[in-house]
Amino acid sequence: MLDLRDHYDKIYRFCFYKLFDKDLAEDITQETFLKYLEHYDFSSKTETLKYLYTIAGNLCIDEFRKKKPESEENIPELIFEDNTVEKMSIRNAILRLSGDERELLLLRYANEVNVNVIAKIKNISRFSVRRKLLLAKKHLEEELRKEDAYE
Amino acid sequence: MNRFERGIKESFSVPNPIKKEEFIKKFPKPEMSLSKFVISQIPYVSKVTWALTILMFISVFLAPRILGVKVTWFISGLTPLMALLAVSESSRSQKYNMAQLEASTRFSLRSLLLARMLLLGIVSFVLIIVSVPLGTFYGSFRVFETSLYVITPFLLSASIGLYIVRSIKGNNGFYMVSAISLFISLIMFMGDKYFGFLFLSVGVKYWLMLFMLLLVLTIVESKKLLNNTEDMTWSL
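Line by line, the protein sequences are chains A and B. For the first sequence, the positions run 1 to 151 when the numbering used here is used. For the second sequence, the positions run 1 to 236 when the numbering used here is used.
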């Protein structure tokens with residue numbers, strides 16, 4: 001069964017890190033659930049997640065086309081309420097990754113989506129998901145090292 | 001998840017959503033079809049009940065080879081036990097004083113009870129459907145008589161059982177239902193030896209009347225049990 005409260009937060013996070021606009025991300029989150037309700041039932045968890053993330057992703061793409069979202073470099077600091085030094089440096093490094101790698105890390109580690117489900121959402125093999133995740137983590141580590149060297 | 005991965009997780013923080021609670025309140029609850037709802041209850045029926053049900057099916061298939069012509073008595077002695085399982089499963093919430101807690105969950109206790117009764121009713125129906133042809137083929141009675149001798153004890157056990165679990169709460173009710181069902185089973189098991197007069201062809205019309213009466217009683221008692229669940233007040 002769908003845990004709406006939990007999934008709301010996860011889809012909202014997913015949309016936010018695509019659009020960097022909290023109001024827009026929340027609107028799209030709600031639209032995602034309403035669209036999902038129109039077309040699918042809530043029987044299988046894997047299918048539910050796949051459709052929710054696919055709908056949210058498509059809606060975010062539509063928004064991209066409508067208007068250019070805020071530049072990633074100009075994300076207002078005040079929106080993050082827990083700015084510890086460690087989190088800030090990881091977040092900054094994450095924001096320098098490609099959109100695809102950022103999305104994978106968000107899905108796997110922040111939203112704790114199973115590799116099988118990610119494979120279905122991205123329409124790639126599980127092996128490919130694992131390989132891309134390893135690569136994303138490697139790039140993130142490199143970005144963090146660069147940041148340390150800069151400081 | 002190692003420290004680095006935890007760090008990634010915590011770094012994906014977001015501003016608190018503002019309209020979340022309002023949306024969740026208004027979000028229409030997804031509807032589930034009756035069949036899906038009933039199937040969703042399969043894991044919640046006790047494993048012992050399923051194990052005993054499987055055992056009953058196996059014994060129904062094995063009985064004709066072992067008992068030959070006496071298979072009818074065996075099958076008609078088995079159906080009250082199936083009724084006992086169905087009734088005890090339907091009254092499990094009341095037996096463990098969990099009814100009121102379950103009543104406050106997502107699905108109403110009434111709909112859960114109905115789904116479980118329906119589920120076990122279907123299983124019992126399948127058992128009867130399988131038993132009657134086997135009983136007729138290997139036994140000494142015709143289809144009509146075999147059906148009456150197989151279904152009537154089931155209905156007798158079910159109607160009395162439902163009445164008792166509705167009237168007597170807790171373990172006492174369960175023990176009483178078990179005793180009565182076992183007694184009916186015993187009578188049917190020993191039908192050919194000691195109660196042969198009950199199965200004379202002249203008595204078929206009385207069996208038919210009893211069958212009709214018990215069918216009505218079982219339906220009435222099932223409805224009352226469901227209504228009773230709906231009207232339940234805090235009484236722990």
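Keep in mind that the hints are not guaranteed to be accurate.
Below are the DSS-like pairs computed for lysine-lysine, each with C-alpha atoms no more than 27 Å apart in a straight line [said to hold, decoys possible]:
hint, chain 1, residue 1, chain 2, residue 2
1, B, Lys20, A, Lys22
2, A, Lys138, A, Lys66
3, A, Lys35, B, Lys205
4, B, Lys70, A, Lys35
5, A, Lys35, A, Lys137
6, B, Lys25, A, Lys22
7, A, Lys22, B, Lys19
8, A, Lys137, A, Lys66
9, B, Lys19, B, Lys36
10, A, Lys66, A, Lys87
11, B, Lys26, A, Lys138
12, B, Lys25, A, Lys122
13, A, Lys120, A, Lys138
14, A, Lys66, B, Lys19
15, A, Lys137, A, Lys120
16, B, Lys36, A, Lys87
17, A, Lys146, B, Lys9
18, A, Lys66, B, Lys36
19, A, Lys22, A, Lys35
20, A, Lys22, A, Lys87
21, A, Lys35, A, Lys66
22, A, Lys35, A, Lys138
23, A, Lys120, B, Lys193
24, B, Lys36, A, Lys35
25, B, Lys193, A, Lys35
26, A, Lys22, B, Lys223
27, B, Lys224, B, Lys70
28, A, Lys35, A, Lys87
29, B, Lys205, A, Lys87
30, A, Lys122, A, Lys132
31, A, Lys35, B, Lys25
32, B, Lys19, B, Lys9
I should point out that these hints are in silico values taken from the structure, not numbers from a laboratory.
Lysine 35 of chain A and lysine 137 of chain A were given as a pair; does the straight-line alpha-carbon distance stay at or below 27 Å? violated, 33 Å
Hint check: lysine 25 of chain B vs lysine 122 of chain A, CA-CA at most 27 Å. Holds or violated? Distance ~31 Å between lysine 25 of chain B and lysine 122 of chain A Cα, so the pair is violated.
Decide if the proposed pair is consistent with the structure: lysine 36 of chain B and lysine 87 of chain A, CA atoms, cutoff 27 Å inclusive. violated, 45 Å
Need the status of pair lysine 138 of chain A, lysine 66 of chain A: alpha-carbon distance at most 27 Å? Violated: lysine 138 of chain A and lysine 66 of chain A sit about 34 Å apart, past 27 Å.
Is lysine 66 of chain A close enough to lysine 36 of chain B, meaning Cα to Cα at most 27 Å? violated, 41 Å
Is it true that the CA of lysine 193 of chain B sits at most 27 Å from the CA of lysine 35 of chain A? Not OK: lysine 193 of chain B and lysine 35 of chain A at ~68 Å, beyond 27 Å, violated.
Taking only the CA atoms, is the gap from lysine 19 of chain B to lysine 36 of chain B under or equal to 27 Å? Violated. Lysine 19 of chain B to lysine 36 of chain B sits at ~32 Å, over the 27 Å cutoff.
Check the hint pairing lysine 22 of chain A with lysine 223 of chain B against an upper bound of 27 Å on the C-alpha distance. violated, 52 Å
Keeping to a limit of 27 Å between CA atoms, is the pair of lysine 22 of chain A and lysine 35 of chain A held or broken? Judged against 27 Å, a Cα distance of about 20 Å means the pair holds.
Lysine 120 of chain A paired with lysine 193 of chain B [C-alpha distance capped at 27 Å]: Given pair lysine 120 of chain A, lysine 193 of chain B is violated - Cα atoms ~65 Å apart, limit 27 Å.
For a C-alpha distance cap of 27 Å, please report whether lysine 36 of chain B and lysine 35 of chain A respect it. holds, 22 Å
Within a Cα-Cα threshold of 27 Å, do lysine 26 of chain B and lysine 138 of chain A meet the stated pairing? violated, 43 Å
Violated hints for the displayed structure, listed by number in ascending order: 2, 3, 4, 5, 8, 9, 10, 11, 12, 16, 18, 22, 23, 25, 26, 27, 28 and 29.
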